[in-house]
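Each number in the numbering used here corresponds to the 1-based position in the sequence shown with 3 added.
It is possible that part of the hints are untrue.
[As the list claims (entries may be wrong)] Here are the simulated distance ranges between beta carbons: (1) GLU247 to ARG268: 18 to 28 Å; (2) GLN216 to ARG252: 20 to 30 Å; (3) LYS34 to ASP194: 16 to 26 Å; (4) PHE46 to GLU299: 25 to 35 Å; (5) VAL249 to GLU49: 38 to 48 Å; (6) LYS227 to HIS186: 32 to 42 Å; (7) LYS101 to ASN195: 30 to 40 Å; (8) GLN310 to GLU29: 37 to 47 Å; (9) VAL249 to SER296: 40 to 50 Å; (10) ARG185 to GLY76: 28 to 38 Å; (11) GLU299 to ASP274: 16 to 26 Å; (12) ASP157 to GLN310: 37 to 47 Å; (13) ARG185 to SER296: 43 to 53 Å; (14) GLN310 to ARG196: 15 to 25 Å.
Source of the hints: derived by calculation from the structure; they are not laboratory data. Being a predicted model, the structure only gives us computed values, none of them experimental. Heads up, the beta-carbon is just placed ideally off N, CA and C, and yes, glycines get one too.
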Amino acid sequence: MFRNKNILITGGTGSFGKKFVKKALEYDIKKIIIFSRDELKQFEMEQEFRDSRIRFFIGDVRDKERLYRAFDGVDFVVHAAAMKQVPACEYNPFEAVKTNIHGAQNVIEAAIDRGVERVIALSTDKACSPANLYGATKLASDKLFIAANSYVGDKETKFSVVRYGNVVGSRGSVVPLFNKIRHTGKLPITDNRMTRFWITLDQGVQFVLDSFQRMCGGEIFVPKIPSMRIVDLAKAIAPECKIEIVGIRPGEKLHEAMITEHDARHTIELDTYYVIQPEFPWWSYEDEKAGKSLPEGFEYTSDTNTQWLSIKELRKLIEEV
4 MFRNKNILIT GGTGSFGKKF VKKALEYDIK KIIIFSRDEL KQFEMEQEFR DSRIRFFIGD
64 VRDKERLYRA FDGVDFVVHA AAMKQVPACE YNPFEAVKTN IHGAQNVIEA AIDRGVERVI
124 ALSTDKACSP ANLYGATKLA SDKLFIAANS YVGDKETKFS VVRYGNVVGS RGSVVPLFNK
184 IRHTGKLPIT DNRMTRFWIT LDQGVQFVLD SFQRMCGGEI FVPKIPSMRI VDLAKAIAPE
244 CKIEIVGIRP GEKLHEAMIT EHDARHTIEL DTYYVIQPEF PWWSYEDEKA GKSLPEGFEY
304 TSDTNTQWLS IKELRKLIEE V
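When you get a sec, could you build the whole thing from the sequences and use the hints?
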């Protein structure tokens with residue numbers, strides 16, 4: 004479905020964007036556009052890839068007019084641009100709202116008016132029962148993208164969301180931090196009970212590519228991925244280090260969720276993923292009959308997950324990444 008198509012990714016110079024571009028170039032695409040606001044990162048990425056199919060657009064999702072120009076002739080959009088650091092969002096809430104919520108609406112309106120075929124927005128487990136501003140802005144963004152399908156009218160643009168957990172080794176994640184400070188002999192852990200969902204960049208990118216083919220518009224796709232204990236992660240990276248409990252940071256949760264009990268009532272389960280279906284009467288999902296309903300009271304959380312990564316598995320995964 005990507006043959007001779009133009010793909011644009013917002014926030015395309017980040018960890019996900021680079022991996023997505025690498026995989027997308029394996030398809031017979033016509034063009035892939037990197038839309039971001041950092042000229043240095045775009046320059047570095049251009050030097051790294053050197054492919055004539057890649058285009059670079061300097062721009063900010065807050066700037067609707069620039070999005071209208073960038074989306075001209077685009078078939079598929081991946082919306083990855085966001086303020087993602089929990090403490091930064093807590094201390095700069097107005098900026099987080101402008102980028103994560105207003106930016107989402109700008110992407111939606113530009114996609115509809117420019118005739119984009121399909122849009123997938125990247126979400127996060129922190130958008131599920133949010134305890135911090137970052138999660139709250141991403142929850143609002145998710146709802147905007149799902150509701151956008153009812154604003155399309157007689158046009159053919161479709162919007163869906165992909166939601167998953169922490170990405171192994173991504174920029175700003177705990178793995179690079181632990182590696183950076185392991186020479187001190189101490190690794191800071193906020194709470195020894197803390198758990199998180201875990202996914203690799205390869206898995207995340209492939210799940211997005213697969214979701215483009217599955218989507219009807221209106222779904223939140225949630226992959227089935229393992230959980231891990233932060234303490235086990237620290238032991239996997241630097242077993243020689245002493246663990247120092249420093250306390251939970253502002254806006255941080257002990258455990259993350261990707262499907263709430265409320266969402267589970269309109270969620271179906273398939274072999275490797277879940278689909279949270281929107282509560283709109285006009286909507287239907289082609290694979291709905293292939294899935295099964297979830298039991299009453301079901302929640303998909305990192306502490307009650309049935310899949311877990313051991314210290315050995317974590318170490319192997321980190322080495323591969």
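Now for the hints, and whether the structure bears them out:
{"no.": "1", "hint": "GLU247 to ARG268: 18 to 28 Å", "in the structure": "42 Å, violated"}
{"no.": "2", "hint": "GLN216 to ARG252: 20 to 30 Å", "in the structure": "38 Å, violated"}
{"no.": "3", "hint": "LYS34 to ASP194: 16 to 26 Å", "in the structure": "46 Å, violated"}
{"no.": "4", "hint": "PHE46 to GLU299: 25 to 35 Å", "in the structure": "54 Å, violated"}
{"no.": "5", "hint": "VAL249 to GLU49: 38 to 48 Å", "in the structure": "40 Å, holds"}
{"no.": "6", "hint": "LYS227 to HIS186: 32 to 42 Å", "in the structure": "37 Å, holds"}
{"no.": "7", "hint": "LYS101 to ASN195: 30 to 40 Å", "in the structure": "36 Å, holds"}
{"no.": "8", "hint": "GLN310 to GLU29: 37 to 47 Å", "in the structure": "28 Å, violated"}
{"no.": "9", "hint": "VAL249 to SER296: 40 to 50 Å", "in the structure": "42 Å, holds"}
{"no.": "10", "hint": "ARG185 to GLY76: 28 to 38 Å", "in the structure": "48 Å, violated"}
{"no.": "11", "hint": "GLU299 to ASP274: 16 to 26 Å", "in the structure": "22 Å, holds"}
{"no.": "12", "hint": "ASP157 to GLN310: 37 to 47 Å", "in the structure": "43 Å, holds"}
{"no.": "13", "hint": "ARG185 to SER296: 43 to 53 Å", "in the structure": "46 Å, holds"}
{"no.": "14", "hint": "GLN310 to ARG196: 15 to 25 Å", "in the structure": "18 Å, holds"}
The earlier numbered hints that this structure contradicts are 1, 2, 3, 4, 8 and 10.
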